[in-house]
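Residue numbers (the working numbering), protein chains in the order written: chain A, 3 to 133; chain B, 89 to 363; chain C, 272 to 504.
One or more of the hints may lead you astray.
To be verified - Dumping the calculated DSS-like pairs for lysine-lysine here, alpha-carbon to alpha-carbon at most 25 Å:
1) C:LYS280 with B:LYS101
2) A:LYS38 with B:LYS246
3) B:LYS101 with C:LYS373
4) C:LYS280 with C:LYS294
Since the hints were derived computationally from the structure, they do not count as laboratory data.
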Amino acid sequence: MAAELRLSRENLNAPFVRKVEELSGQNVFACYQCGKCSASCLFAEHMDLLPNQVVRLVQLGDEGVMGARAPWVCAACLACSVRCPRGVDVARIMEALRQLGLRRGLTPVELRLTPDLPQIALVGAMRKVTP
Amino acid sequence: MNRLVYFPGCALKDQAQGYEAATLAAVQALGYAVQELPRWNCCGTVYALAQDDLMRHVGPVRNLIRAQEQGATELLTLCAMCYNTLSRSALFVRNPENLRRINAFMDEEEDYRGGVRVLHLVQWLAEIGPERLARAANPGLQGLRIGAYYGCTLLRPKEVAVDHPEKPEIMEGILAALGAEPVLFPERVECCGAYLAVTRPEAVRLRVGSILLSAAHHGAELVVTACPLCHFNLRERRPLGAPRLPVAYLGEVLAWALGTQPIPEEIARTVGVRR
Amino acid sequence: MNQVGVETKTEMVTVYIMGQAYKVPAGLTILKAMEYAGFRLTRGVGCRGGFCGACATVYRLPGDYRLYADLACQTPVRDGMYLALLPSTPAERKPYDLRKVKPGGETLLSLYPELARCVACNTCTKACPQKLEVMDAVQAALRGDVAQVAELTFDCLSCGLCTLRCPAEIPHYHVWQLSRRLYGAYLAPKAEHLRRRLQEMREGKFQAELDRLMSLSKEELRELYKAREIEPE
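Isolated chain A, as found in the complex:
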């Protein structure tokens, strides 16, 4: 039953959730899914999951979120982080997912290099999407 939502102690305490919490320094369960992060996100239209959905899947211990495009679309602009009513730094959760992915050998983002790109853009992109 694919549509079944299983909430279990094992899922909530999954090593994956603890790793995301450890890397992000955030309590992912502080999020009550108001969606303000997604409303603030200027890049949500390019994402496959809204930022609040990403956090929800992390709460549920769903490692499938590692395959999502959303963290790799995030520009770390921190609009979500300054506006979260629960003080969750969503950008740090996105970074934790990127780092976890990169450390497992995932490099889902292609660098689209053109000769006019300044180093300020290259340095930023390299730090966010290369291991």
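Start from chain A and add chains B and C according to the hints.
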């Protein structure tokens, strides 16, 4: 003469050379001697958000050590991204355990002791004060309608924000003191897409279109920024049909206002036509 | 120390080469010690004089966490040294046409965008057997200061030790070579005397003398060689 120790960053030595030259001349005209930090290195442009990513604090803290070696308590930046990474790493090593670990790694350097305040040009100009800027503003900006575009890194996170992260007025205050008419527009605090220029240029173009449209609709004749990446995106990653709004650096309009650099023909014409 | 009536023995030290212990005479270089131990080196050895950069070696010493990097031909063995010779460094050199590239950051960054991954950790500098300021050169490259890169890396031997140690995976020595070439082609002041001499050669100033030499017999050439002007020592 008061001395300022200054961290340029890579952009100001390359594509943003005009920003550096204009600003340094203007700052000197305001009575300050600017000394470039010796042997500085890249700030990293984006702050490491992962808790265990210590390595990416090494570069910023190394720069703080260079400032400490100069006996500086303040380090001036013109680039918003440099300001953000350097000031956040400075906050990061306020935690004694973080400081100890970073110092232990950089065993070839003297220990960083804390105590360097990273300062962005907008903060420095605000601290100089509007009266002093207004006195020095000759020929001034002659009522030029300028939309200040803050972008992200001067305002977020709150801990390093140069002003209120949602409702900043610091750049408008400076521009008004210099004789411009500041134009507020809703997109002024929203991201330009930053380094997505490398991975998702189409997302950047959409953002740049929105920002320029927002500024133009609210009557701006010129958009001013303090970030070389915003400047690049706003100029070089415009979508088709975007308003043909000129974009300049804050330091450039400062230089025009103080008369250390002439107002470019293109801008002067805009103002002339309106009057 | 030599003492009368006491047999002199060569002092021996123990070194570990690729995990195996060998007793070798103290005072040998790493390279000679390896050969003493029976290794026949066909790669990872070149000029034996500290100039070619072929014999890059990493080692540790007992009770010291540091990983040292040096040239095997220039470094004496020490007791307890644990070492590995690194005969080559995998690093891709990007193709370019020197006549078509600009001497600036745009060229360096478009050929080697990984320069933008530098975290300023300074590991490269610590690894350099030539004691170059390698990280400063990476930083200069990142901001497009080709002349500064050329200046800082003039003495680079391309041994590749910085490149192997770099967490940002930058192929340093290829970037340095490109920078020095760009510097030579576009930025270095042109030598006026060279231009003049080339002009003279093109105009045939030395042609008669060359023709005369070409017409001489082997004997005549030998005599001429013996009688040549030699700079006083």
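Evaluated hints:
no.	hint	in the structure
1	C:LYS280 with B:LYS101	violated, 62 Å
2	A:LYS38 with B:LYS246	holds, 17 Å
3	B:LYS101 with C:LYS373	holds, 16 Å
4	C:LYS280 with C:LYS294	holds, 14 Å
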